[in-house]
Structures are given as structure tokens and as C-alpha cells.
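S.K.: This is what each chain is made of:
Number of protein chains: 2
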Amino acid sequence: MEIKENKENLKIILDDSSNLSVNQIRRLLNDMSSSEIAHALESSPPKQRSIIFSLLETEEEGDVLFELGEEIQQDLISNISNEELSEAVKELELDEIVDILQNLPEERMKTILSNMSKVDRQRIEMGLTFPENTAGGLLNTDVISVRPNNSIKEVLSYLRDQKELPESTDKIFVVNNDNNYLGELPISKIITTDPVMNVREIMETDIPAIDVNLEDKDVATIFERNNLISSAVIDHKGQLIGRITIDDVVDVIREDADQNLLGMAGVAEDTFAPPGRAAKSRVFWLAMNLVTAFIAASTINIFQDVIDKIVYLAVLMPIVASMGGVAATQTLTIVLRGLTLEQINTSNIKWLFKRELAVSIINGIVLSTLVAISTYLWFQDYTLAVLIASALVINLISSVIAGILVPLILRKLNQDPAIGGSVVVTTVTDVVGFFSFLGLATIYLI
Amino acid sequence: MEIKENKENLKIILDDSSNLSVNQIRRLLNDMSSSEIAHALESSPPKQRSIIFSLLETEEEGDVLFELGEEIQQDLISNISNEELSEAVKELELDEIVDILQNLPEERMKTILSNMSKVDRQRIEMGLTFPENTAGGLLNTDVISVRPNNSIKEVLSYLRDQKELPESTDKIFVVNNDNNYLGELPISKIITTDPVMNVREIMETDIPAIDVNLEDKDVATIFERNNLISSAVIDHKGQLIGRITIDDVVDVIREDADQNLLGMAGVAEDTFAPPGRAAKSRVFWLAMNLVTAFIAASTINIFQDVIDKIVYLAVLMPIVASMGGVAATQTLTIVLRGLTLEQINTSNIKWLFKRELAVSIINGIVLSTLVAISTYLWFQDYTLAVLIASALVINLISSVIAGILVPLILRKLNQDPAIGGSVVVTTVTDVVGFFSFLGLATIYLI
Numbered sequence: 001m002e003i004k005e006n007k008e009n010l011k012i013i014l015d016d017s018s019n020l021s022v023n024q025i026r027r028l029l030n031d032m033s034s035s036e037i038a039h040a041l042e043s044s045p046p047k048q049r050s051i052i053f054s055l056l057e058t059e060e061e062g063d064v065l066f067e068l069g070e071e072i073q074q075d076l077i078s079n080i081s082n083e084e085l086s087e088a089v090k091e092l093e094l095d096e097i098v099d100i101l102q103n104l105p106e107e108r109m110k111t112i113l114s115n116m117s118k119v120d121r122q123r124i125e126m127g128l129t130f131p132e133n134t135a136g137g138l139l140n141t142d143v144i145s146v147r148p149n150n151s152i153k154e155v156l157s158y159l160r161d162q163k164e165l166p167e168s169t170d171k172i173f174v175v176n177n178d179n180n181y182l183g184e185l186p187i188s189k190i191i192t193t194d195p196v197m198n199v200r201e202i203m204e205t206d207i208p209a210i211d212v213n214l215e216d217k218d219v220a221t222i223f224e225r226n227n228l229i230s231s232a233v234i235d236h237k238g239q240l241i242g243r244i245t246i247d248d249v250v251d252v253i254r255e256d257a258d259q260n261l262l263g264m265a266g267v268a269e270d271t272f273a274p275p276g277r278a279a280k281s282r283v284f285w286l287a288m289n290l291v292t293a294f295i296a297a298s299t300i301n302i303f304q305d306v307i308d309k310i311v312y313l314a315v316l317m318p319i320v321a322s323m324g325g326v327a328a329t330q331t332l333t334i335v336l337r338g339l340t341l342e343q344i345n346t347s348n349i350k351w352l353f354k355r356e357l358a359v360s361i362i363n364g365i366v367l368s369t370l371v372a373i374s375t376y377l378w379f380q381d382y383t384l385a386v387l388i389a390s391a392l393v394i395n396l397i398s399s400v401i402a403g404i405l406v407p408l409i410l411r412k413l414n415q416d417p418a419i420g421g422s423v424v425v426t427t428v429t430d431v432v433g434f435f436s437f438l439g440l441a442t443i444y445l446i
Numbered sequence: 001m002e003i004k005e006n007k008e009n010l011k012i013i014l015d016d017s018s019n020l021s022v023n024q025i026r027r028l029l030n031d032m033s034s035s036e037i038a039h040a041l042e043s044s045p046p047k048q049r050s051i052i053f054s055l056l057e058t059e060e061e062g063d064v065l066f067e068l069g070e071e072i073q074q075d076l077i078s079n080i081s082n083e084e085l086s087e088a089v090k091e092l093e094l095d096e097i098v099d100i101l102q103n104l105p106e107e108r109m110k111t112i113l114s115n116m117s118k119v120d121r122q123r124i125e126m127g128l129t130f131p132e133n134t135a136g137g138l139l140n141t142d143v144i145s146v147r148p149n150n151s152i153k154e155v156l157s158y159l160r161d162q163k164e165l166p167e168s169t170d171k172i173f174v175v176n177n178d179n180n181y182l183g184e185l186p187i188s189k190i191i192t193t194d195p196v197m198n199v200r201e202i203m204e205t206d207i208p209a210i211d212v213n214l215e216d217k218d219v220a221t222i223f224e225r226n227n228l229i230s231s232a233v234i235d236h237k238g239q240l241i242g243r244i245t246i247d248d249v250v251d252v253i254r255e256d257a258d259q260n261l262l263g264m265a266g267v268a269e270d271t272f273a274p275p276g277r278a279a280k281s282r283v284f285w286l287a288m289n290l291v292t293a294f295i296a297a298s299t300i301n302i303f304q305d306v307i308d309k310i311v312y313l314a315v316l317m318p319i320v321a322s323m324g325g326v327a328a329t330q331t332l333t334i335v336l337r338g339l340t341l342e343q344i345n346t347s348n349i350k351w352l353f354k355r356e357l358a359v360s361i362i363n364g365i366v367l368s369t370l371v372a373i374s375t376y377l378w379f380q381d382y383t384l385a386v387l388i389a390s391a392l393v394i395n396l397i398s399s400v401i402a403g404i405l406v407p408l409i410l411r412k413l414n415q416d417p418a419i420g421g422s423v424v425v426t427t428v429t430d431v432v433g434f435f436s437f438l439g440l441a442t443i444y445l446i
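If you're matching them up, the sequences are chains A and B in order. Read left to right, the first sequence gives residues 1 to 446 (this note's numbering). Read left to right, the second sequence gives residues 1 to 446 (this note's numbering).
Think of the hints as simulated: they come from the structure by calculation, not from any bench. Some hints could be false.
Heads up, the list lumps identical chains together, so a pair's fine if it works in one copy or across two of them.
[To be verified] The list that follows gives simulated cross-link-like pairs (lysine to aspartate or glutamate, EDC-like), each with its CA atoms no further than 20 Å apart: (1) Lys110 - Glu164; (2) Lys47 - Asp31; (3) Lys163 - Glu201; (4) Lys153 - Glu201; (5) Lys354 - Glu269; (6) Lys110 - Glu93; (7) Lys354 - Asp218; (8) Lys350 - Glu42; (9) Lys354 - Asp416; (10) Lys350 - Asp235; (11) Lys163 - Asp194; (12) Lys354 - Glu42.
All chains should be built: construct the whole structure from the sequences, respecting the hints.
M.R.: Encoded structure:
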């Protein structure tokens, strides 16, 4: 089993106690593909990471650097010389070099570029002009294009002359004399078609080329909806400027998912980031939560008198707040998923809101019954039991409003609704939870 | 822009106020691909969903059903007759039919199978024997295989005879006379090689075939690491039984990401699930949280006396608990990501634990300073300020232990660590937060 073997390799390399010699590690690394090495680096604490990277051949370094997340990539690059970096990226594809260079300090990028041939430099400078999160950032220029009046026989002999086709070439592209994109020609069609046919007769035009400015997640959607392996990319004049392949699209999907997961908790760092950087990535939302926790505390502060008289209110009040927090996070998660998958729009948001209200009422009835029974059994106080149940229902309803409105408002403000949204919604449910419970207690218990 | 147009179509269909006639909706649906229609269905409340689905042609229904999430798929299927369902799935690929049939009630599945030809029935019954979350569940049998002693010329003419190659065919497979898998032959290599060569001379053997029992997320890893478009699947005897294509792997990646995101909040439902089902999917973790909230309340209950004497302890105690909860969720998220990406193992978990401890101490110093200053400014009580700062540091350290141990223990118990983990870790930080703050107050303030 290949995958098991690699897991073993990784464990051996990372395990201090295995006491490998440099040569033994080098041999293990030689058996691994560049993305497996990248995975090993991403699974390593910083010290081991530098050691492993330093043991790689220069040619391997480029491929590995490209596979790495941005943070680790830039860390490792900052430790190698300009000459080594120039050498490492030499054999990479355009989008890969651009991916690595675009995060470098200006000065350094210029030096690396000046080490390149003029043709390469111009191609890369073109690539660097596209924003990272657009189709342009995923673009490769290794396209094969033919003309509509070529015969399939000519195309076949042209392909044979290439000796080797670029990776993930499932189709070639058809352009006119001005390099305007006309359509595509799947390789499978080329080999199943009578060679006397013309490109024009069998080229496909139903799936349009991708605009270079399209956002990368929209590129992913197009690939998924149409089961694409590669697609042509055109500029605003309709000229073919490159292609995007499925492997880069899969990376986009993975990164998006990763950011969604981490963003909810207000974290943004690689798994084995050094402590200082990890602390920095998390302190913002912790500090925000400190502010909101003081807001919740101020709410309690209003009710010092009633707590002073009936101390077990302090015992029970976190229950109401905590239940609201969990319910709000549930609603928030559903809305975030709906927004990410572009399922939510103005026409169905009302239905969603009503549905969430219905859910909060159904679960409100179930949970407030449970909470009332438990409270009665604990404190033998009928009024208190009714009070906490009512406060819980109120807080579950507030959790719906917060869980839906907060992400929608963040999006309207052009903020990523996935980042730190849970800190904001739980503030609402804390405040409403404490206020409704202690407020009702003030009215009915004193 | 294709993607914009489809977003518009979707909005028009879903908008009540657009008052479309049945024929107008039908026309809009005709312009959409099956996965776009699936997306429209997933973005629709249940009532509109049934209407849209009822307007589809029977041939379209099968493709659309396959693209849908399991829940919606089974809902829609439960409303159509066995004849219609048999007709709808007729043209689908093996893995697609299996995907739809495997969730049907036993009786119904048998009826549908009995409507099929013997060959189809046997293929599908074979497919149904593989667990859904393995390579077998992603398998298609539309493989093209050749023998090692075939010449490339023979292969080319064989391919031409096929008229059309199966979707995502970037390679064909090489087997011996007993159908044992030997290697693969990329289409791009076939057309760039001298036709007099033999298959044996140019076939590739460096990437092994996938075992039919491999877990689907390991399949995804292999595809990603090797930038695969398709891969052979073999049984335990090494026989070629089918192939997996990248489009199905992308679905696996998407579904995993979706489950990770939703699982954290204890939610498992499609975005527009009806209220009853949504309530049911969420009530378990809400009820669990009720139990844990009562545990936290019992902790406070121990300290009734001290709260009775110093009421502002009740005001401040949620701050300590809440900060611990956010920090624990951050650690939990990093560990869950590391486990999902298989970056964490016995060799690096110790480093990760030490790093998290360091992070909690760094952020503990920053945040406890802030909390001490704020508390002093509010209550003018020096001891209280030191107390709450100390309790916060203790709770941040407990948050690391909970955030790392809870997912690891859940995994050891063969539970999905991503599901409801945050409810468990926040219980720990609530209890430790209340206990340390009120406990220290009992010692130093009375």
C-alpha cells in the first residue's frame, strides 16, 4: 500500500528517536514525490522542517516550494540564497513560479527576475500582473493551439512532433490567425475521429473559455459543474492567453475549505507554526472576545441587586447564555455554508429565516421543558423553573436573529462572514441570555 | 459570463414574485446543465424543490439526482414511481446508479433492480457490495484495457473503433490475459509515440493502482499528491475491476470539507431542510450542551457562599469562562485540521502540545494584563484584578489540554473528532474557569 508506506516514511523522518543519519533521511526523501515531501514539511515543527528542506536537491526544491502553503513557503525561501532560489524555480511552470515569486519582497523578486532569460522574465512579469485569487493567478501558458482549417491528420502529426504533451492535457484549443479563442478539441475526440475531418467540423464550443479576471472560486464552480480537466483562459479581447488545469483547481477548493474551517475560530496559521506567530494569529479574536465578555458582564452588573438577594440566579444564568451560544453557532454555520456554496440569495433568505425560527421554537420547547424539569428538581422552585424556561426560549429566538443577520451584515460590509463570526453572535446570545433571565427574575422573583 | 447568467436564472426561478409560468421555468431549466439544476434544487425550499424537479424530463432526472446531496436525493426519489426511477437511472454510469440505489429501502431497491437487464443488474449488485466511503463506492467499470504485447498502432485503431471514449479518459490500462493489472498508458503518450512501439515498452508503472477497499479520503490524497485525472482500481487478487475519475474525487473533497465545517457546530442537514428535520439534526448537541451547562452550574453552586458575600464575582466569572472557551476552540480547530490533513502523528504531537502551551502563556500574559487593568478600572480592587488575571491564565492552560486531548481521545474511541468537539471542550473551560476564579476568590477575598 503506497499510502501506508508514505505515512511510515513520514513518521520515521519526524521521529527524533529513530536517530536517522543524514544519508538515511536523504534516501527516504528520494523515494517520496514532491507533494509527499511538502506534506512532510507541513507536518514538521520548524527546526526539523529546515533540516529536511536543506537535504533536498536544488531541482526538487522548486516543486516542493510550490506545493507548500504560503507561510511555510516564504519561511523556507527566506533562508536560501538568491542563486539557489533562481536555480530551484527554473524548471517550474509559469503559474508555479508566479505563485512563489509574488510573495517575495520587491527587491528580492527583481533580483530573481534579472537572473532569468528575457523570454521567461516577460512571461512571468505578465503572470505577476494578475491578482492571486483570480483565473489569472492559476494560469499556465503551456497551451497547444491549432487552427480551424487544420485537418485532424495535421493535428495528429503536430502532436506527435511535440514528443511530450504538457501535464493534464485532455484537450487542445482552436484559435484564429489573431489568436482569438474559437473552441476546444478534446484529445479523445482527435483519436476517435476520421483523420480527414477538419478541426472546424469537430471542435466543441458549448463550454465558453474562462475570463482571466474571474474569481478563483468561480473558476472552481465552473470546473465542478462541467466536470472539466482543463479550460482555456482568455483576456478581455477574447485572445487565448493560457489554460487552467484541475490540479490547481483542487488546490483552490482545499484552501477555501481550510480557511472556512479556521476562520470560524479566528485562527489563521499553518499547523506547526512557531509559537509567536500562532499566538499573534489568534490574539485578535481573543481580545475581541474580551471586549464582548465585558459587555456581557456589564449586563449582569445591572442586576447585582437581584443576584444579591437570590444567589442561585448566578448559578443558573450561564445555562441560558451557553444554550443560546450553541444554537446561534448552529444557525451561523448553516448560513455560512449556504453563502459559501452560493445557495442563499434574496429570494430564499426569508424562507430560511422562517425555517430557523421554526427550528428554534421546536427545539426551544424541547429544551426549555428539560431545563424547567431539571431546575425544579434542583431548586424545588416552580416560578424559577418557568422563568429559566422562558428566558431560554427568548434566547434561542435571539440566536436565530444573530446567526442569520451577523454573517449577512458582515458580507454587506465586504468582510469575510466566516471570520470570527461566532465571537460576535455569542456576544448577542450572552447579553440577551443574561438580560432576559435576570430581567424576568427581577420582575417575578422580588 | 456563463456563471453570472446561471446565478440570474437561479434567482428568477426561486423568486415567487417573478410569477413564471410552468413553461417559462421549463425553458430556463433546459438551458442549465444537470449540476446547475442540482444546485438550484439545493438552493430551494422543499415546496419549490418538488415543483422544479417535477418539471424535469425523465432522462435529466437521473443525472440531477446523482449530483444532489443524499438527503435531498432520497426526498425526491420517495415521491416518484418505481417505473420513473428505473427510467431515470437507466443511462447513468455504474457508480452513479449505485450511489442512488444504495440508500433506497431494501424492497424498493429490489424492484428497481428487477426492472434491469441481467448484465446491468449483476454489475450494479457488484457495485452495491462496496462500502460507500471506499474506492469501491467511487468505482466505474467503463475501463479500456489493452495487452502488453499490443502495438501502439493496434491500440490507436482499437480506440478509433470505440467512436467515443468514456468521460475523463486520460489513460487506458494494461492487463495480462487473466485481467491482472500491469500498468497504465496515458492517451497523450499514445499519440506522441512511434506507432510501431509495443505497449509494454511505453506503459507506466510508477503509480500503483488503487485497492478497492481503500478509504475514499485516502483515494483523494493519492489523486492530489500525484495530480491524477483517473486511476485504475484493483481487487485483492490484483485484477482490474474499474477506474476512479477526478470529478468523483472532487465531490469527496467537497463533502469532507462540508462535514468538517458543519460537524464542529453539531449540525448535519442540507441548507434548506424542512424545520422538523433541521431541529432533529441539531437537538442532540443542544441537549448535550444542556447537560454540560448544568455541570458548569454545579461548579458555581459550590461557591454560593462567596458569591453571596461578593456579588460582583458573579458579574466577572463569565469572562474567565468565555475566554477559555474561545481559546479552546482555537486549539481544537488547529488539531482537527492537523488530523484531517494527516499532519499530526505520535512523533510531532508532543511538539504541538508544547507549542500550544507556549501560545496560551504568551496570549495569557497579554490578555490577563488587559483583563486585570479593565477589572481594576471598573471595581478599583487590586486583589480582584490579580485574581481574575490568574484565573484566566489557569483557564487558558486548561483550554490547551482540552483542545488537544478531546479530539485525540474521540479518535481513539473511533468517534469522529470533528463532531460536537467544541461542546465538550467548552465544558472543560467553563468548569475550570468558574472553579479557578471562584476558588481563588474564596481563598483570597474572604
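S.K.: Would you mind marking each hint as holding or not holding in the structure?
M.R.: Hints and how they fare:
1. Neither within a single protomer nor between protomers do lysine 110 and glutamate 164 lie at most 20 Å apart by alpha-carbon distance, with minima of 32 Å and 49 Å respectively.
2. Taking identical chains as interchangeable, the C-alpha atoms of lysine 47 and aspartate 31 are never at most 20 Å apart, the minima being 22 Å within one chain and 56 Å between chains.
3. Taking CA atoms no more than 20 Å apart as the test, lysine 163 paired with glutamate 201 passes between copies only; the shortest distance there is 16 Å, against 26 Å inside one copy.
4. For the identical chains of this complex, lysine 153 and glutamate 201 are intra-copy neighbours only, at 13 Å inside a copy versus 25 Å across copies, given an alpha-carbon limit of 20 Å.
5. Taking the closest pair of Cα atoms, lysine 354 and glutamate 269 come within 20 Å of each other only across two copies (16 Å); inside a single copy the shortest separation is 37 Å, beyond that limit.
6. Only within a single protomer do lysine 110 and glutamate 93 lie at most 20 Å apart by alpha-carbon distance; the minimum there is 19 Å, versus 52 Å between protomers.
7. For the identical chains of this complex, lysine 354 and aspartate 218 are neighbours neither inside a copy (29 Å) nor across copies (40 Å), given an alpha-carbon limit of 20 Å.
8. Within a single copy, lysine 350 and glutamate 42 get their C-alpha atoms only as close as 43 Å, which misses the 20 Å cut-off; across copies the closest is 16 Å, which meets it.
9. Taking the closest pair of Cα atoms, lysine 354 and aspartate 416 never come within 20 Å of each other, the shortest separation being 24 Å inside a single copy and 31 Å across copies.
10. In this assembly of identical chains, the alpha carbons of lysine 350 and aspartate 235 never lie at most 20 Å apart, being 38 Å within a copy and 50 Å across copies at closest.
11. For the homomeric pair lysine 163 and aspartate 194, the shortest alpha-carbon distance between copies (10 Å) is at most 20 Å, but the shortest distance inside one copy (22 Å) is not.
12. For the homomeric pair lysine 354 and glutamate 42, the shortest alpha-carbon distance between copies (17 Å) is at most 20 Å, but the shortest distance inside one copy (44 Å) is not.
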